[in-house]
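Undergrad: Residue numbers (numbering that gives the first Met the number 0), protein chains in the order written: chain C, 0 to 487; chain A, 0 to 165.
Just so you know, the hints here were simulated from the structure itself, not pulled from any lab data. Ideal Cβ positions, reconstructed from N, Cα and C, are used throughout, including at glycine.
Label pairs and their computed distance ranges (CB to CB):
1) C:V208 x A:P1: 30 to 38 Å
2) A:K23 x C:F295: 50 to 58 Å
3) A:V80 x C:S372: 52 to 60 Å
4) C:N327 x A:T63: 36 to 44 Å
5) A:R154 x C:I384: 53 to 61 Å
6) C:F330 x A:C64: 35 to 43 Å
7) C:I391 x A:L120: 47 to 55 Å
8) A:R154 x C:L44: 32 to 40 Å
9) A:C64 x C:I391: 36 to 44 Å
10) A:P118 x C:G350: 58 to 66 Å
11) C:S335 x A:P118: 56 to 64 Å
DSS-like cross-link-like pairs, simulated, lysine-lysine; straight-line CA separation at most 25 Å:
12) C:K443 x C:K210
13) C:K312 x C:K294
14) A:K21 x C:K460
15) C:K168 x A:K83
16) C:K299 x C:K443
17) C:K299 x C:K312
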Amino acid sequence: MATLARPLPEEKGKRLMRPNIATADVQLPAVRDYEQVDREIIGTLHPTVAWFMGLGVAIFFLLIGIAAWCYQIYSGMGVAGYNPPVMWGVYIISFVFWVGIGHAGTLISAILYLFRAGFRTTIYRCAEAMTVFAVMTAGLFPILHLGRPWKFFYLIPYPNWRYIWPQFKSPLIWDVFAILTYLTVSSTFLYVGLIPDIAVLRDRETNPVRKRILAILSLGWRNSDREWRHFARAYLFLAAFSTPLVLSVHSVVSFDFAMALTPGWHTTIFPPYFVAGAIFSGIGMVLTIIIPLRKFFGLKHYVTINHLDAAAKLALFTSLIVGCAYMNEWFVAWFSGSEFEQAFFANRIWGQWWWASAILYTCNMILPLTLFSQRLRRNPTWLFIISITINIGMWFERFVIVVPSLSHEFEPWQWTSYRPTWVDYSILAGSFGWFSMWFMLFIKQLPVIAISEVKEIVPAKLRARHDHGIDASGHHLEFEPSTPGEFD
Amino acid sequence: MPGVIGAFHELDAAVRAIEELKKKRLGEVTVYTPTPRHEIEHAINAGPSPVRLFTLFGGLAGATCGYWIATWTSDYWPLVVGGKPVASWVPYTVFGFEVMVLFGALSTVVGLFINSRIPRLTMTVGYDPRFSHGDYGVWVECSPADAAAAESLLRENGAVEVRSER
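Sequences and hints are given; from them, build the entire structure.
TA: Pasting the structure below:
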């Protein structure tokens, strides 16, 4: 995991190298013992005035969205600004946006777990919770997009008296299966990881009612070696399932577009392009959430600059992949020789939607290049600004995919425009309120940093000094890790 | 079941006590630890977790179910579209995969619950809230006749508190 970078000038004929400070050390030097971990992380659970205000704002936006949806149900889908043939607009854009947000959570909690990337330990709980709430938000949009939303269950294959089943060759049904599986597995993964931490809360709780609730939620967990052994194995398998799942979900979402013959959509690069974009947008949202959280919760010594630096590198890497996909789209349009494809891409850049494309390319390709600078990667204010621009850019990426294609298909007489209405904007604001409300409730009820996993990287108390390192057979000697504070 | 519980502040002391108890064969040893540690895992030397079997069979059942439901419902309404097969394995792989992941993940959790014996309504005898906080607990299940030997062994190895439970 440790990398060597930034060679220092040669000195006295000897070339010195120093480890990359972002990845070489994933320990938490300011966290001394288990008691400190419990005290500080559980200490974040006390509600504050600022938290109540934040929750109030989230619920306010949610109510705006609910009011707009009620108006839409009463008046019909026509109030949502659709203009045939542009019958997919803000709702489908937001659906793809929110599904994408969830992907970084699974990347950080599952994929980085399999790769043993140490920096995930203190940020994965936030990211995983973000995944669950983002997928919950995304799942609402196809229902919001239905003229008769109370009939949404027709999508689910269930035995019925009409003997009618869903069309399993339709990408929309693939979506239903992918999203429901993703929501179920992500929620399970989050809850299983929470069980030992809920047991810690249970054992420290003094209020009898809360203690009872926590006892039920912790399922009677008692930290025995038997439980940990099976837990570790189950957690590994859940991570192993989540890894291909996360790749499949956004691939399936991309099939909603790629299976159609519409210019700009019918391309084989969509699955990897969507997956990389999803992870990129999700990392943007992780940074948007984690940077204020570490400040307001006093957790800067848990989520250190090194952690932010590593997350910023992931953002930079995925930005480069996404940028490559954008350029590949232009190349494919040129190389295919298809006049429709070429006309569509010309329209995307110089046509009526040039401003949306400009926002997209600036936010997703150009601004993230600043993260090549180590100084900027280690500047939380700049990272926060970049994370916001990534969120904006990725929403516009989906706008540029959905709207220009539908408004500029094969027949010129079909060419049209699309203007979202106040209903679209209100429901979009409501989705942010819905997501934020769940997240605000989560951060004051359950630990935002995994207590038991942080304890794994905090040196255990020892009675005597032990040897460290690796023996002749390549096995680690016992009683790792060798870090300062071990004998304090 | 009667036994003796010893609480340790230090990891190496707990590990030494476990090794001694295993050598003396006083009874089955259970360790309570605030976080999983390789040192304890090596000292306990338990076999591989059978959770993997739950994962395997759950995954296989899910893949079968995913392909089956798509194929069976297609055959129920055998409409030929574009000259393609009524039951087409390529799109149905999406269902095979997704349902495999769903069933595999859920059966993994069932495997965790069954093997860890959770959910549990009452706390185990010998468990102490400090074992989720920072201390290590070593519980040895033994007859009252062996309790004295177990207690002295735990104390000799650095237990800060030892008590017999019945």
